[in-house]
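Peer 1: Spelled out, the chains give:
There are 2 protein chains.
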Amino acid sequence: MRNLKLTLAYDGSDYHGWQVQPDRPTVQGTIVHTLREITREKIWLHAAARTDAGVHALGQVANFKTRMKIPPENLQRALNSLLPPTIRVGAVEEVPPHFHARWHAQAKTYRYRLLRAPICPPFLWRQVYHYHYPLDEPAMARAAPLFEGEHDFSSFGTWDADEKEKSKVRAVFSSRVQPDPEKQELVYTVRGRSFLRYMVRKLVGTLVNIGKGSLRPEDIPRLFEARDRSQAGPTAPPEGLYLVSVEYPRP
Amino acid sequence: MRNLKLTLAYDGSDYHGWQVQPDRPTVQGTIVHTLREITREKIWLHAAARTDAGVHALGQVANFKTRMKIPPENLQRALNSLLPPTIRVGAVEEVPPHFHARWHAQAKTYRYRLLRAPICPPFLWRQVYHYHYPLDEPAMARAAPLFEGEHDFSSFGTWDADEKEKSKVRAVFSSRVQPDPEKQELVYTVRGRSFLRYMVRKLVGTLVNIGKGSLRPEDIPRLFEARDRSQAGPTAPPEGLYLVSVEYPRP
Numbered sequence: 001m002r003n004l005k006l007t008l009a010y011d012g013s014d015y016h017g018w019q020v021q022p023d024r025p026t027v028q029g030t031i032v033h034t035l036r037e038i039t040r041e042k043i044w045l046h047a048a049a050r051t052d053a054g055v056h057a058l059g060q061v062a063n064f065k066t067r068m069k070i071p072p073e074n075l076q077r078a079l080n081s082l083l084p085p086t087i088r089v090g091a092v093e094e095v096p097p098h099f100h101a102r103w104h105a106q107a108k109t110y111r112y113r114l115l116r117a118p119i120c121p122p123f124l125w126r127q128v129y130h131y132h133y134p135l136d137e138p139a140m141a142r143a144a145p146l147f148e149g150e151h152d153f154s155s156f157g158t159w160d161a162d163e164k165e166k167s168k169v170r171a172v173f174s175s176r177v178q179p180d181p182e183k184q185e186l187v188y189t190v191r192g193r194s195f196l197r198y199m200v201r202k203l204v205g206t207l208v209n210i211g212k213g214s215l216r217p218e219d220i221p222r223l224f225e226a227r228d229r230s231q232a233g234p235t236a237p238p239e240g241l242y243l244v245s246v247e248y249p250r251p
Numbered sequence: 001m002r003n004l005k006l007t008l009a010y011d012g013s014d015y016h017g018w019q020v021q022p023d024r025p026t027v028q029g030t031i032v033h034t035l036r037e038i039t040r041e042k043i044w045l046h047a048a049a050r051t052d053a054g055v056h057a058l059g060q061v062a063n064f065k066t067r068m069k070i071p072p073e074n075l076q077r078a079l080n081s082l083l084p085p086t087i088r089v090g091a092v093e094e095v096p097p098h099f100h101a102r103w104h105a106q107a108k109t110y111r112y113r114l115l116r117a118p119i120c121p122p123f124l125w126r127q128v129y130h131y132h133y134p135l136d137e138p139a140m141a142r143a144a145p146l147f148e149g150e151h152d153f154s155s156f157g158t159w160d161a162d163e164k165e166k167s168k169v170r171a172v173f174s175s176r177v178q179p180d181p182e183k184q185e186l187v188y189t190v191r192g193r194s195f196l197r198y199m200v201r202k203l204v205g206t207l208v209n210i211g212k213g214s215l216r217p218e219d220i221p222r223l224f225e226a227r228d229r230s231q232a233g234p235t236a237p238p239e240g241l242y243l244v245s246v247e248y249p250r251p
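Chains as they are written, first to last, in my numbering: chain A, 1 to 251; chain B, 1 to 251.
The set of hints was computed from the structure by calculation and includes no laboratory data.
Mixed in with the good hints there might be a few duds.
Unchecked claim - Here chain A is said to cover these stretches of chain B; the calculated rule only asks that three of the stretch's residues, wherever they fall, bring their Cβ under 8 Å from a Cβ of chain A:
id	region
1	1-13
2	75-87
3	111-122
C-beta: ideal position from N, C-alpha, C; glycine also.
Using the sequences provided together with the hints, build the complete structure.
Peer 2: Structure (structure tokens):
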């Protein structure tokens, strides 16, 4: 069996997230369907991260095993001609048999785009969170790095019942808010080993509350301490969020 | 009656063009419906240009008359909150009673975006014409200015039966092809007094044929002479085309 790694970009707007769901279009479901058409095999496709409904990807990574001997470039071309234009395969590579897109990911980078312009261009409404009310952007920029380090992120995530007992400690390597004046955007970039479900959007919701003045940067240690979701900010909408890249150890 | 001028941006992807059609979503139909909701009046909305299905606008201009005394800024806010996010009102201004968005337009500028990257990002497929095969871009850049001036554009347009006898002479003020290396795009920009239906897309189709080598820049005078649509290039797809701006005489 060959093990193939896909690097994927997608517009999440029309999908109910990554993970296969019955009777709903999902990114995984769409790619698996196309891979089965090409290979005529049963395919198991593993992604680095299960992005939620409406969330986009610039560099999602997934892998699957196949007996098919197709050269990687030809598979890439076949996928891009058969997949809908909202999913693009940027690369196909053969990887060692043990490689697993999820278990071997060492870091993931997410970006969140807040559009600060008074009017959201008609081409961008599904690709940014349009928030044009006043925000104390310097306070947000001061607060963002306070999420860096190893913390219990219980206040900033959600999980299934069967994961209740699992550790909610996560390592965030960097967490920054930066304005992009040319695009009139405020951009949040976070890089970490792994994230709880909704974690990035809850960090953004908390930063927005800091920008509005309903929370202060100094409240963040207390929020970590509380391990209580009701005290953090709300979950920011999915359309601003992008999975930018996934890092793996060098082979 | 007050005469109000709207400056509009829209993503044409989901609309069957500007002009009202029964049972099909159009940009004009959508805006008229919303203006009737706001004013409770019968509304006649005149646009500078009737963009075709799938064509976008950054600065379309339209005007309508109303008895309503709403301040322009409030009408703009009301429209932007009631219209779908694919249509945005950039400005509302009160103009003299005789102003007509179509009859008084002195120049219109269109832009056409050809994406030259090997893979079309999933966010751009309805906003550019993805053409990644080889093109002789310098030949296209040499050919584009040959459309400048006053010419009979019969070979580069279409028209309704009742317009058959009307002049097909149009004045093109500037016509340029320029690469945008950062976006990996080739951009065609044309500014003229007015245009035949499909004219910009047929100019682009002709330029692409020149890029492919099936026509030469030197053929353009012959195409003007021929007044025969079958000899020019095909109509380029609508998704790459933008109505950028409309110019009026200073009041």
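Peer 1: Does each hint fit the structure? Answer for all of them.
Peer 2: Hint check results:
Counting residues of the region 1-13 of chain B whose C-beta lies closer than 8 Å to any C-beta of chain A gives 3; at least three are required, and the coverage claim holds. Counting residues of the region 75-87 of chain B whose beta-carbon sits less than 8 Å from any beta-carbon of chain A gives 4, enough to reach three: the coverage restraint holds. Here's how the region 111-122 of chain B fares: 4 of its residues keep a CB closer than 8 Å to some CB of chain A, so the rule of at least three is met and the hint holds.
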